[in-house]
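Chains as they are written, first to last, in our numbering: chain A, 1 to 137; chain C, 1 to 317.
Honestly, the hints are just simulated from the structure, not real lab data.
A few of these clues could be false.
As the list claims (entries may be wrong) - Below 20 Å or equal to it, Euclidean Cα-Cα: the simulated EDC-like pairs (lysine to aspartate or glutamate) are:
(1) C/K197 with A/D75
(2) C/K41 with A/D111
(3) C/K39 with A/E123
(4) C/K303 with C/E158
(5) C/K39 with A/D75
(6) C/K41 with A/E124
(7) C/K104 with A/D75
(8) A/K29 with A/D75
(9) A/K57 with A/D122
(10) A/K57 with C/D83
No experiment lies behind these values; they were computed from the predicted model shown.
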Amino acid sequence: MKTKNFLAVLSAIFMSAVFMSFIGLQDQKKGGPWDVPAAYKSKKAPASTAQSVNLGKMLWAKHCKSCHGNNGLGDGPKAASLKTSPGNFKAAEFQGQPDGAIYYQSFVGRDEMPNFEKKVVDEEERWALVHFIRTLK
Amino acid sequence: MLTKLADMKRIISLIFLLVGFLTFAWAQEETVEETVVEKDKPVRSPFESGYLIDQQTSVIKVPKTLEFVIQHKFGTVENGRSDLWGIYAPGANIRLGLNYVVAKNLQAGWGITKKNMYNDFNLKWTLLEQTRQNTIPVSVTLYGNVAIDSRSKKIFEEQQYWHSSDPDGVHTLHEYRWSQRLSYFSQLIIGRKFGEKLSLQAGASFSHYNLVDHTGDHDKIAAHLGGRFKFSPQSSLLFNFDLPLKIKNISEQREWTNHPKENLALGWEISTSTHAFQIYISAADGIVPQDMVMFNQNDWKNKGLCMGFVITRLWNF
C-alpha cells in the first residue's frame, strides 16, 4: 500500500514537472524579424574551409552552445530561462538568410541575444563561426 | 659670457635635432612594425584566462573589460576524511579581485585576501604577443603588485623583528611604521603556444617584504613554470610550479633553516564566453604571489596540498 502511494506521489511530481516545462516552453515568444542593416547584409564571407569550420566549432562550443544547443536547435541548458526562443538554425528560413545577416545576428545581437563583438574580436574567427553555423542545416 | 651662451644654444639645438631625428626614426620603425603586425596576427587564446591557478598568464582581454575573480583555497588534505580532505578545515584562504583592462594589453587590478588581509594593487602588461607566423615567437608579459598587510596595528606592535642593521642575535622591538605593511612582487613571464592544444610559460620573479621575522629574508627570487593542455573546446588541464631560489647573495640568513617550499599545482579548467572555472590542487596556502614565494611551508610531497578553485567573470563596456 505504502509503495503504491509512493509511486502515485512520484508520478504526480513527474507529471507536474513535465506539465510545468511545457508551460515554460510555451511562454517563450518567437523572435520577430531582424532589421539587418544593408552594410551587414551585403558583407561577403570568405571561402569556407575545413579549418575555418573546425575553428567555428570551437567557438560555438565556448560562446553559443549553452543557449543554442549542440546542433543549433535552441535547446542548450540556458535556453529554457530565456524569454525569447533562440530559434532553430537547421530551419530553411534561418539558413536562407545571407551570410552577412547571420554575421549581424551573431555578433551585433539584440535584446536577449548579447553582443559578441568584444568577445570574438577577430574578423576571421567571426566568419569561421558563420561557416560552422552553415554546417548545421 | 656671450660665447658660453652661444655654445649653450648650439648644444640645445643639437639636442633638439637629435631628439627630433630619433623620434622620426622611431616613428618610421613603428610604421614598419604596424604593417608587419597587420599581416601576422597574435595567436588565438594561448590561455583561456589571465589566471593559471596560482600564476598569471599573458592573456589580457580587450580594453574596457572588467573581470571579477574569486580565488579560494581550502585547507590541506593531510587530515583526510576527518575534515573532508581540507574542504572543512579552518585554514581556508580567499581572494576577491577586480581587474580592468585600461588599454590594449594593459590591465590594472585590486584584490583583497583573507590571509594577512592583503590588499593588493597590481598591473599587468603584455609587451609582446606571439604571432601566428612566428614573426614574434613568444609572448612577453610583465606583472607587478604592491600589497598592503591591512591587519590590525596591534599585530605589528606586539612582535619583535630583526633588522639587517642589527647586530647578530639581537632582536629588538622596532617602532611601528605604516611602510612595514608593504610587500612587492614583480615578474617577467615568457610564454609560447605550441599548436592548438599546448601552451607553456616560464617566468622569473622578485619579491620583497618590508618586514619579515628574524628567520626570513626580505628579498626572494623565484622561478616559475606553467602550462595548459587543451583537450576539448572548453576544457584544459593546467599546471604550475613555483620555485623560490636559494641565493646566498641576497639572503640575510647563514643557513637555510626556514626556506619556503616550492609550490606545485594541477588543475582542470572549463571556460565559457564570460567565465573561466579552474578546479585544482596546489601546495601553497597563499594566494598573493609574494606570499607563496616567501612563506609557503606546505610540502606537496608530504600531503601538503590544498584543493581550491578560481572563478572569473567578465563584463565588456
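Against the structure, the hints come out as follows:
1. Proximity of C/K197 to A/D75 is assessed by CA-CA distance (about 29 Å); at most 20 Å being required, the pair is judged violated.
2. Simply put, C/K41 and A/D111 have alpha-carbon atoms about 32 Å apart, too far for the 20 Å limit, and the pair is violated.
3. Among the hinted pairs, C/K39 with A/E123 is consistent with the structure: their alpha-carbon atoms are about 13 Å apart, no more than 20 Å.
4. A hinted pair counts as satisfied when its Cα atoms are at most 20 Å apart, and C/K303 with C/E158 does not qualify at roughly 33 Å.
5. Between C/K39 and A/D75 the alpha-carbon distance is near 39 Å, which puts this suggested pair outside the 20 Å criterion.
6. Between C/K41 and A/E124 the alpha-carbon distance is near 11 Å, which keeps this suggested pair within the 20 Å criterion.
7. Only pairs whose Cα atoms come within 20 Å are accepted, and C/K104 paired with A/D75 is rejected, the gap being roughly 36 Å.
8. Of the supplied pair hints, the one linking A/K29 and A/D75 holds, its CA atoms being roughly 14 Å apart against a limit of 20 Å.
9. About 15 Å separates the Cα atoms of A/K57 and A/D122, which keeps this hinted pair within 20 Å; it holds.
10. Of the pairs offered as hints, the one joining A/K57 and C/D83 is violated, with about 42 Å between alpha carbons and a cut-off of 20 Å exceeded.
Checked against the numbered hints above, the structure breaks hints 1, 2, 4, 5, 7, 10 and satisfies the rest.
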